Each structure stands twice: as C-alpha cells, then as structure tokens.
Amino acid sequence: MKLMRTLLTATALVAVMGGSVYAKQLVFCSEASPAHFDPGPTAGGNDFDASSRTIYDRLVEFEHGGTAVTPGLAEKWEVSADGLEYTFHLRPGVKFHTTSYFTPTRDLNADDVIFSFERQWKSDNPWYQYLEGLSWDYFQGMDMPKFLKSIEKVDDLTVKMTLTEPNAPMIANLGMDFSSIVSKEYADQLAASGNLADFANKPIGTGPFVFVDYQTDAVIRYQAFADYWRGKVAIDDLIFAITTDPAVRAQKLKAGECDIMSYPAPADIEGLKADANLNVMEQEGLNIGYMAYNTTIAPMDNVNVRKALSTAINKKAIVDAVYQGAGQVAKNLIPPTMWSYDDAIVDTAYDPEAAKKMLADAGVSGLTLDLWAMPVSRPYNPNAQRVAEMIQADWAAVGVTANIVTYEWTEYRERGKQKDRPGAFQIGWTGDNGDPDNFFATLFSCSAIGVSNYSSWCNQDFETAIQDAKKVSDQAERTKLYTRAQEIFKAEEPAMTIAHSKVFMPMNKRVQGYTMDPLGIHRFDNVDVTE
Amino acid sequence: MLRFILQKLALIVPTIIGITIASFAFIRLLPGDPILAMAGQHGVTPERYEILKEQFGFNLPIWQQYFNYVGGILQGNFGISLATKRPVIAEFMTLFPATVELALFAMLIAVILGIPAGIFAAIKRGSWFDQVTMGVALTGYSMPIFWWGLLLIIFFSGYLGWTPVSGRIALNFFFPRVTGFMLIDSLLAGKPDGFVSALRHLILPAIVLGTIPLAVIARQTRSAMLEVLGEDYVRTARAKGLEPRRVVGVHAFRNALIPVVTTIGLQVGLLMAGAILTETIFSWPGIGKWMIDSIGKRDYVSVQSGLLLIALIVMAVNLVVDILYAVINPRIRVQ
Chain A
1 MKLMRTLLTA
11 TALVAVMGGS
21 VYAKQLVFCS
31 EASPAHFDPG
41 PTAGGNDFDA
51 SSRTIYDRLV
61 EFEHGGTAVT
71 PGLAEKWEVS
81 ADGLEYTFHL
91 RPGVKFHTTS
101 YFTPTRDLNA
111 DDVIFSFERQ
121 WKSDNPWYQY
131 LEGLSWDYFQ
141 GMDMPKFLKS
151 IEKVDDLTVK
161 MTLTEPNAPM
171 IANLGMDFSS
181 IVSKEYADQL
191 AASGNLADFA
201 NKPIGTGPFV
211 FVDYQTDAVI
221 RYQAFADYWR
231 GKVAIDDLIF
241 AITTDPAVRA
251 QKLKAGECDI
261 MSYPAPADIE
271 GLKADANLNV
281 MEQEGLNIGY
291 MAYNTTIAPM
301 DNVNVRKALS
311 TAINKKAIVD
321 AVYQGAGQVA
331 KNLIPPTMWS
341 YDDAIVDTAY
351 DPEAAKKMLA
361 DAGVSGLTLD
371 LWAMPVSRPY
381 NPNAQRVAEM
391 IQADWAAVGV
401 TANIVTYEWT
411 EYRERGKQKD
421 RPGAFQIGWT
431 GDNGDPDNFF
441 ATLFSCSAIG
451 VSNYSSWCNQ
461 DFETAIQDAK
471 KVSDQAERTK
481 LYTRAQEIFK
491 AEEPAMTIAH
501 SKVFMPMNKR
511 VQGYTMDPLG
521 IHRFDNVDVT
531 E
Chain B
1 MLRFILQKLA
11 LIVPTIIGIT
21 IASFAFIRLL
31 PGDPILAMAG
41 QHGVTPERYE
51 ILKEQFGFNL
61 PIWQQYFNYV
71 GGILQGNFGI
81 SLATKRPVIA
91 EFMTLFPATV
101 ELALFAMLIA
111 VILGIPAGIF
121 AAIKRGSWFD
131 QVTMGVALTG
141 YSMPIFWWGL
151 LLIIFFSGYL
161 GWTPVSGRIA
171 LNFFFPRVTG
181 FMLIDSLLAG
191 KPDGFVSALR
201 HLILPAIVLG
211 TIPLAVIARQ
221 TRSAMLEVLG
231 EDYVRTARAK
241 GLEPRRVVGV
251 HAFRNALIPV
261 VTTIGLQVGL
271 LMAGAILTET
281 IFSWPGIGKW
291 MIDSIGKRDY
301 VSVQSGLLLI
311 ALIVMAVNLV
321 VDILYAVINP
331 RIRVQ
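Chains as they are written, first to last, in my numbering: chain A, 1 to 531; chain B, 1 to 335.
With the rest of the complex left out, here is chain B (with noise of 0.2 Å):
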C-alpha cells in the first residue's frame, strides 16, 4: 500500500512542475500589462515605467523570474498580489472556504438528485421517464452557466422572491469569521437564523454549480447501472426469487457506484472551473471570482500562485480519491 502512494506521489511531481511552467506561461501570455493595468487612466511615463519594471522584477529575463517564482514556493513564498499588496496565501486562505463551502453543496445537490435519477432510467430504460430524465441531463449539461444564473435569479430571487439575489449571508448578520464556513460560523456565533440566511443564499448558487455534475452523474450512474444489471449475479439474485428492491438496491447499486464515485472525484477539477462562472454571477466571496478579478489586473503573482495552489487541491483531492479507491478495491492496488 505504501508503494502505491508513493508511486502515486513520484507521479504528482512531474505534473507540479508542468503546472508551474503553464500557469506561469498562461498570465503572461495574455496581452496586456500589470503595471499599466495597475496605473489607470493616466498611465505612467516612459522613465517610471522602467522604475516600477524594475521594482516588480519584470525586466529580469524570463526564465529568472521563472526561478524566482519556484524557488519562492519551494520556500513556503507564493509572493504577494500586485493588486492588494497582501500575501497571495493568506488571500486565498481567506477565500477557498467559500469556494469549498459552495462546491461541497453543489456536490450534495448533484449526488442526491443525479443518483436515484440515474437508477430509475436505468430501471425503466426507453420509458418516458428515462427519455426525459436523460434530455434533461443533456439540457443540463450544455447549459451556459452565466445565462443560467441569471435565468435563476430573474425568476426566483426576481419575480416570486423566494431566494437571495447574491451574497453568502442576508447583511444584518454580522460575526466573526472562525472556520469561514458560513453554515459553521453561524451556528458557532449562536445564530441559528443566520444559518437559515446562510443556507437560502446558498441554494441557487449551488443549484448553477451543481448542474453539470449533476447531469455527468445521472447519465453516469444510468449506464453503469444498464450495465450491472445485464450481469450473470443479477440474473442469479432474481431467478432466486429476490425482491427486485433488493436486487437493485443491493447487487446492482453498489456495483453500479464504482465508476460512479470515480466520476464524482473527477468533478471537483470540474467544479474549481465551474466556480469561476458561478461566483462571478453571484459575487460568491470564493477563489473563482478572485481568479477572474486577477486576471483582468493582470495579477501575475496572484494568477500564477492561485493557479497553482488550486491545482494542488484538485491534485490532493484525486490523489485521496485513488488512494481511497485502492483500499476499498484490492484489484487496484495490484495493478
């Protein structure tokens, strides 16, 4: 087993290294420049230009500031954002709990629908049922994010006001921050109707984010589903006499869930870049929303760092997701 996450891990290395380089490369490679961006509308004159160059380390050749960048992460340095002049780690420490907070909920949204819709298609496969259950998916799955947000917010927050428009929690609570989860530091404040506010703020957010995977996860479970069942031991179970209750819900579904719980960890990657869309629509406080606002300032540090910290979790989260899978499942491991 521990040859297994070692080998896992040799493996993560290389990607890191490529993640440095394209996440470095990317910021740069759009046009544009931070310290005209960062100037505003007088600019800045020739001779200064060269000055704030300098001072930023601009004018060292490329592949120095490469050097630079890595060897400040190897030392615990993601440097500090052009725009708020604050530590790029303690900003995204600040943010990444709404980030996950939202991305958790989504999820949650996604399984507990995108599940049972999958197995009754599957059960009652070319009934009408499944013939909507899956267009449906498919509507869900190529639905532009930002037109969906705005749909949901014009109809339920707009028209019957039944949800927030945005924000994480109504404005007239107001405690302090312990965990950064919302839900968590509502209830820590002693603020049971803060958590109600902050669970209404969360619905059509997670809704938005929560569509794709949810649509991934039905047509996923679906066909897995289709494909247990034409199994020998599901035949087997029913020619036994079992209650097809048990025959689904035990033999089938739990064989089903393998490539299942497999998707669901490849979602999360999914759902970091889902949030960027969400977020924005929703000014969700999150990692996503402060990617984009950097970009547009052509944050190098804040870009490049933020990139990079965000595909280390992806990167964490898929390496605990095949560790977890390598313990359950024996076969794994000896592959």
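Chain A with its partners taken away, still in its complex shape (with noise of 0.2 Å):
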C-alpha cells in the first residue's frame, strides 16, 4: 500500500516535472529553515517568507516597496465614526489553491476571515491548540486580544470586526504575517480526517504561489497560481534554496546556483558589486539601532545627565566605522522613510566640552555606569561590541567610565527590560507594519515598561500624543500628534538614536522587477526572469 502511494506519488511529480521543463524559475537563497508554513503562530521572517508572502494573502496588504496599505483580498472597507467598527467587503470570486491534498469547492468568504482570527484569540476554538505547544506570539505582540471585541458575518462577503476602543494602527496589524487569511474548509476536512498537523505542513491558501514540496532544511518548492485572483505571476516556478551560511549564498549566487539572495554579510557586499552579473539593491532599512537610558535609576533620572552622556559621544564616527557605509545616523527614532518623520529636529551635537561642563553643572563627577552590547548580529546594529567599545572612549574623554556589560541574546533582552537594570542598554528595533505606533508606543510607551520599554521612561506628555494617535484615523492628524512625540523625545532624551541601517538585497541581473520592501520581507509575486 505505502509502495502503491510512493509510486502514485512519483507519478504525480514526474508529471509536474515534465510540465515545467522550460518554465521561468526563480531560485531563492534563503538564510533559514522555515518552522512550518502556517504564519500565524510563527515569528520569524523567514518563516514569513516562506509562508504568508508566497502561500497567502491578507485583508489588506503593503504596497511593493513602501508601508501604505492598500486593498487585499478585502475590495474595500469602512470605519465608523467612533472608530470602532470596521467592516470589510471581501472580492468576490477569490480561489483557494487546488492542489493534490485538497480541492476547495467553494470560494474565499466570510467564514475563512472570522476563522482566521478565531483560531488565533479564542482559547475554546479547536485549532487553538491544533500543534503541541502552539503559541500565538504576533497575535499577542500586537495586542490583539486587547482591541478585539468581536468579528462577525454579516454576509456571506462582509465582515464586521468591532474594537474595545479606537485603534488606528488596526489597519496596519491586518497587513502582518499573522493575519494571514486561512482556508477554514481545508481547516474542516482536516478536523474529519483527524490530520490537524498537515494544516501547518500541507498549506492551503489564496496566495501567488502553490506549494509543491518541502525537502526538510534544504529545499522549498512552489508553483504560480493559475488562477490567482490578481492574476498568474510572471515566473512559473519559485524555489527556496536554504542555505544558511552568509558567504556560502554568495557563493551559490556568483556561481548560478541562485538568482536572489538574501541578508549578505557586510563584508562580501564590495566583492558582490563588483561581479559583472550581478545587481546589488539597497535600501534604508526600516529601523533602528539605539542605546536606551534607564531614566529611573541616579544620576540618569535627571535629563540633563542623559544629554550630557549623549553629547559626548562621536556618532558619525559609530556609524562610519561599524555600519561601513550600510547607515545613516539617526536623529529620530523612527526612519527617514516613514511617515510622520520629523525632519526639523536638530540632533544632539557631538561636543566633549560641552558634555563635561553639563555633567558637572549637575553636579556628576567621577561616574560610572554599565554600558550594555548586545551579543549577535542585528540588522540595525551589526556590531554593537564594536559600538560599545567607542562609546567606552567617547566617555572616558569626559570623565565617565563604562564597564561594558554582555549576556547571550535572550538572557541580555530579559536582564535588559527589567526596571531596575542600571546603565545605557543597546538594542533596537526592526517595524513590523510601518505604523509610527509600532515604533512609539511598542518602545516607550508607559505600558511598555518591564516589556519593552528599556528606558523604564514614563512622560506623560508623551504618552498623551501616542495614545491619542490611536484614537484618530485621520493621517494628517496622526502626523502632528507624533510630530510632537518626536520633540519630547529628543528634549527629554530617554535613549540616544544611534542608526538607521541600510539593506541589501544581490541578485542576478536576470531577474527583473523585484522591490525592496522596508519591512524586511522578501516578495516574489512582482519579479520576472529573463532567459
């Protein structure tokens, strides 16, 4: 019987082999091993890559390269006056994948949405807990047990969610990996069957691309849609290649091996740029590397002190020596990029001076504090040793001395957010939905504290602007309410903004049409392969 399947089996792939012979192909060098490919309980955004950005679609999506929302697999949608009721009109006609483990019968509608979520919030719904140990961090993370009342049918193509209170980033979270829209037929035939766990490994969606196979921790295969509601992508074959070491995808990609790849080492950039095949994209990265004070703990509690430490350090020289080209200084904390960005702001100026006469007009001398480096590479910081280091002599010019203090990466983020750790913490962040919110409030808001909020920083002026910038819809609104976030920020300095980072993405010449996206995620729906 198993041999009969194996067979049927070989039969079926040889037949989609065959038909693919001179199919457009698209070879990806991905950096990691997806989990599985259901992208509402999984973080990382190599899982999302290889799940909700080929396999799903969402609500509402990101345009290619830029944080706007624009319309998904909801045409249109409305929000009431008191910003408590959305509701969404879903297109008609949306296909789920047929593929040779499910069939659909039916179209997208309003059940798959309400599904979608219900699965994710509500600890009675049977694919709660559909996996051992299953946890629904982003879901979570973004608070969104706290802003949803309900989420209801009000026909078989409109969708009502109704909010706790007003919640202006909501838009934006529906973009996210996590609300990635499911199939809750296949979800019902699974439940009958009793295979719950192929929901994560035999994925059914709406998406550009089919699944075709999964070679554990080497291989990932996909197929255009035929019948992709946006229409059939342009390649007709896209394969994920993981390969996890930075310069061996380098490698692969100057040998052929791969079209695109992503994340390259800083060091092989020059060496990729200079391959005449080759085509190295860049773009501002869509975050930010910064140095939080604990604003709590004397003699940072008093802002001045802050100033004064900030004052004193040569950021220019940071980020020409750390980020080597690859970043620019940053002023604010969100990116230049973003909306909302406060261009009128004057940074902090590098003047040793004037920091040491600030110092001892607070009457400081003789100070010490830990100065944290965080332990791995991140996209906003890639050596923050490096960076600690330069601080380290910035401060000894002025007569502070910094211990540098460094734990391995779960434990430094854990020791780092309680509220009496003492010193300057480097750490940073990468936006998940291109809202200021996901900057602001995740960062330094009061209720962050303990969580996030590495300043232990509670202004009430503040918070005042970013809480009341969820209330409104209104952009233009939003832009002036964080316009002035941005001013308390850099008068009260709860944290010095080091860097935005740039990213680069090297590819083959012979794809055309990819766009760097500022989220970080890599989208292939839009490229094309010329032979």
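Worth double-checking, as some hints may not be accurate.
[Unchecked claim] If you want a taste of the chain B side facing chain A, the calculated C-beta under 7 Å gives, among others:
1) G32
2) I80
3) A83
4) S166
It is worth saying that the hints were derived from the structure and are not from the lab.
Fair warning: this is a prediction, and the values are worked out from it, not measured in the lab.
Cβ atoms here follow ideal geometry from the backbone N, Cα and C, with glycine treated the same way.
Fit the two chains together into the complex; they arrive one by one in their own frames, and the hints show the way.
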C-alpha cells in the first residue's frame, strides 16, 4: 500500500516536472528553514517569506516597496465615525489553491476570515492548540486580544470587526503576516480526517504561489497559482534553496546556483557589487539602533545627565566605523522613510567640552555606569561590541567610566527589560507594519515598561500624544501628534538614537522587477526572469 | 558468544542513563530561554511568560522534567520539537539519511586514501614520501573544518567552477523521497544524471568531513604497519624468499589491519561531531545542522532527544564493531 502510494506520488511529481521543463524558474537562496508553513504561530522573517508572502493573502496588503496599506482580499472597507467598527467587503471569486491534498469546493468567504482570527484568539476554538505547544506570539504581541471585541459575518462577503477602543494602527496590523487568511473548508476537512498537523505542513492559501514540496532544511518548491485573483505571476516556479551561511549564499549566487539572496555579510558586499553578472539593490531599512538610558536610576533620572552622555558621543564616527557605509546617523526614533518623520528635529551635537560642562553643572563627577552590548549582529546594529568600545572611549574623554556588559541574546533582553536594570542598554527595532505606533508605543509607552521599554521611561506628554494618535484615523492629524512625540523624545533623551541601517539584496541581472521591501520581507509575486 | 553480547549490552545501560542526564542538563546549562527565543523581538509579558512556561511544563521542578523526559523515551516518545511542533523522532528520521550518506562517503574517501598512504609511508619509512605524507596528515588533523570548507568552496566551486557550492542535488532534479539517500533515490526515480549530480554535490563536503579521519587512519596504518613489519613472522616470510609485495600485502597488512579497523569504528563518533560543522557550511540537510539550529533556538526537546538518538546510534555502531571483532578474533571473547 505504502509502495503503491509512493509510486503514485512519483508519477504525479514526474507529471509536474514534465510540465515545467521550459518554465521560468526563480531560485532564492534563503537564510533559514521555516518552522512550518502556518504564518499565525510563527515569528521569524524566514517563516513569513516561506508562508505568508508566497502562499497566503491578507484582507489588506502593504504596497510593494512601501508601507502604505492597499486593498487585498478586502476590496474596500469602512470605519465607523467612532473608530470602533471596521466593515470589510471581501473580493468575490477569490479561489483557494487546488493541490494533490485539497480541492476547494467554494471561493473565499467571511467564514474563512473569521476562522483566521478566531483560531488565534479564542482558547476554546478547536484550532487554538492544533499543534502541541502552539503559541500565537504575534497576535499577542500586537495586543490583538486587547483591542478585538468581536468579528462577525454580515453576509458571505462582508465581515464586521468591532474594537474595544479606537486603534488606528489596526488596519496596518491586518496587513501583517499573522493576519494571513486561511481556508476554513480545508481546516474542517482536516479536522474530520484527524490530520490537524497537515494544516501547518501542507498549506492551502489564496496567494500567488501554490506549495509543492518541502525537503526539510534544504529546498522549498512552489508553483505559480494559475487562478490567482490578481492574475498568474510572471514566473512559473519558485524555489527556496535554504543556505544558512551568508558567505556560502554569496558563492552560490556568483556560481549561478541561485538568482537572488537574502542578508549578505557586510564583508561580501563589495565583492558582489564588483561581479558583472550581479546587481546589488539597497534600501534604508525600517529600523533603529539605539541606546536606552534607565531614566529611573540616578544620575540618569536627570535629563541633563542623559543629554550630556549623548553629547559626549561621536555618533558619526560610530556609524562610519561600524556600519561601513550601510547606515545613516539617526536623529529620530523612526526612520526617514516612515510617514510622520520630523526632519526639523535638530540632533544632539557631538561636543565633549560641552558634555563635561553639563555633567559638572549637574553635579556629577567620576560617574561609572554599565554599558550593555548585544552579543549578536542585528540588522540595526551589526557590531554592538565595537559600538560599545567607541562609546566607552568617548565617555572616558569626559570622565565617565563605562563597564561593558554582555550576555547570551535572550538572557540579554530579559535582563535589559528589568525596571531596575542599571546603565545604558544597546538595543534596536525593526518595524512590523510601517505604522509609527509600532515604534513609539511598542518601545516607549508607559505600559511597555518591563516588556520592551528599556528606558523605563513614562512621560505623560509623550504618552498622551502617542495614545491620542491611536484614536484618530486621519493621517495628517496623526502626523501632528507624532511630530509632537518626536520633539518630546529629543528634549527628554530617554535613549540615544544611533543609526538606521541599510539592507542589501544581491541578485542576478536576469531578475527583473524585484522591489525591496522596507519591512524586510521577501516577495516574489512581481518578479520576472529573462532567459 | 551470547554471554559476550549480553555483557556488552549490560554495560550500555548505565551509559545511556548518563547520556540522558548529560543531554538533558547540557541544553539547560546554556544561558538562554526557549520561550523568549520563540517569541521574537516583541518579547512576552510576564503574565504570558508564566502561561507559556506552564504550557511547556517548564514550571515543574527540574527532576520532574527529567523524569517526564525519560518516561516519555521509555514509551518511545521522544517529544515534540518546540520550534517546528513536529515529533522529534520524525525530524530525526527525515534528516538522518543525509548525514549517513555524507558520513559513509567521507569514510570511503578516508579509507581509500588513508590506508595506502599509511602503508607506503611505512614501507618507505624516513623517505621524503613518508615525511610529506605524515606532515600533510598532521596538517589535516589540525585543520579547522569551517575554514577548510569555505576555502574549498571558494577555490573549487567559485574559482574553478568544478563542483557545486552547496546542497545535495541540482535543483532541477525533483523526485519523491523513498530512502532519503539521494544517490539511491535518484536511481529509483530512473534519473542517472540525478545520480551524477548528487555525487558531485557529495565531493566537497565528504572531503571536508573525511579530512580528519583520513589523517588519523593514515597515521594509524603507518604505525601499525611499522610494528608488524618488525615482527618475526614477517622476517621469516622475507627469509623464505617471498616477493616483497606478498610479504607486505598478505602477511603484514592483514595483521596491521586489526587496530586500523578499531580506529575506523571509533571514528563514527568523530564523524557525527564533524558533521555538525560540515553540514552547516554546505547547507547539508542532516542531523548535524539540525542540532546546531535547535541549540540556537534553545529547542530543549529537540536537543535533548536528538543528542540521545545520535549517542544511541554511535553506541550501536560501536557495539556491532565490538561483536564483529569478537567474531573475527576469538581471543577478545575470552578476555
């Protein structure tokens, strides 16, 4: 029986192969294996690239190369005047994938949308724990349970979402990977046959690519979805060749074993740029590397001491030495590509003499403090140890002694977020959804103290501005509030913003139309290849 | 003979218990936290952290966690991976053939090159060949695997373009998995060119993984040969006028082989350790890379059960070697 099944699969696969001999194929050298193919309970960019951005769609989508929200599976939506009710009108005629393991009998409808959220939200939903040890970290992390009151079906193609309080970033949240829309019909079929785990390993979506095969830790294969609601994409086959080492990815790209690669090592970028067959795209990342002062511990509870410490640091030298042309000095918490960025803000100037005087005026002398350095390279800070050494030297020049402290990465963050953590803590953030709230509120709201507000900073004016900005949906109005927030942030210096880094995407010149995404996701639905 | 096997098996039991303790403790002694590693950059609130801790059973006393783990294993349950939510045993079985294929090929290279090199070095003791071979062997033994692998990739794949950079087979070959061995599956699928492609993909990683065993085998063969060549029966063979090739090939070599075979058996454990680095460089989807990824994610369940499974296999191989050895050499049984 087993042999029979194997032979049948073999025949099916050969048929698939036979049909795609002259197909347009794109090979992406990706950096890590996905945990599985359900984007709801995963949290890594590599998981999302392999699932939500290929197999699935969402109610709304981020535009290519930007963070503006555009219609997706919902062709339009209305928000009630009080900001509490969102009514989504689903696109008619959207097909789910047909594969060897599932044949849909109906198009996308409201049941799929409700199921997609309720499985992450309601602990009594049979799919809430469909895999052992499942946790819906992003749904939780974006505070969805706090904001959602109900999701109801109005008719087959209309869904009404009611919130507990106005929350303007909600629309952006619905474009995020965890908000991918899955098939309820497929879930029901699996529940009936008892193969719940297949939901994560044999995915079904409405997206541009149909899942074909995953060879664990090695290769993921997709085929273009012929009935995709936006029309079939230009390429026929998409292959992820999982290659963990960045130097090896670069070699594979040079050797023509892949067409495009993620996350080159900074040291390889020059060599890749020099290759005549390759094209290296670059873009400002939607990120920030910063150093959080604990504003509750003396003498850093004094804003003048914080400002003096920042004034003593030569930020430009750090960005030049550590980011090596792949970063820009950050004067605000949000990067310049994000709406509401306030370019009128004047950054703290590097001036050791002034810093000395400010410290003396504050009555601080012989200050010794902990300077935390991350043990890992992150997109927003490639070498925190080196940054720490440079800051240490700058501070020594104004009479401040810094002890560099580091721990294993999860331990580091765990210790860093403690309210009584001493010293200045290097950390950073990569935007999830392009909404300024995702930076301001996540990193510096009062309620984030002990979670991700590493400065333990709670400023009432700042808090009012960012909370008000959540409640209005008019972007011009929100921009005003975030401008105000940026002014307060600069005046209060709860953290020193260091840099926004650039992200590079090297690819073969035969790859056409690729747009880099500020959110750091890799999308191939608008890519073509020349023969 | 049965008594001998039972004795060996009895010795294995305390070893296995020791390994369960070591593998259980190892991953927990590393700094880091599986729940935080899973949560990503948002982190989790303290309340949610407690809920998740309970969900995974990390709130239980450490001894209870250990007994739950061992209890599961005794029932054949190696646990569910924290990262992929798949049974650890299924992950292991998926990835293990790739490691075996690589390790066998590496061993083949090590034996085919190492034994003749050792023999010639012994015969021509003190000659330039001996000096160079043993010098190279020492270098090979001390080679940092990661650097060596990258160097070979850059030269042979990047500069000369002779071999593929990484992976197990060219991407245009796509056939169903039957055994998990790419060389066998390609033939089963009726794709001889797929077989060639898989072979080409094996060359560099097998050389890298085989380098240290090759050095060990060459040195071991040389010293064993030197010892045997000094024995009375070899002198006797020479004295009665046998041609040198026969003296070396039959009388000396067969006896010198005994310690070499033992060495080869012992290399299995080293190969598993080497596979961790080799697989990581060459993106080889085997258990070595899987272990590294799991350690990185602090996937306690995969690491503790994965290490145990690897240790069980190494022990099983060594047991088989011991038994075979006893079959070949009756003196062992008596001891």
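Review point. Hint by hint, which ones does this structure get wrong, listed from lowest number up?
Key: Hints that this structure does not satisfy do not exist here, as all of them hold.
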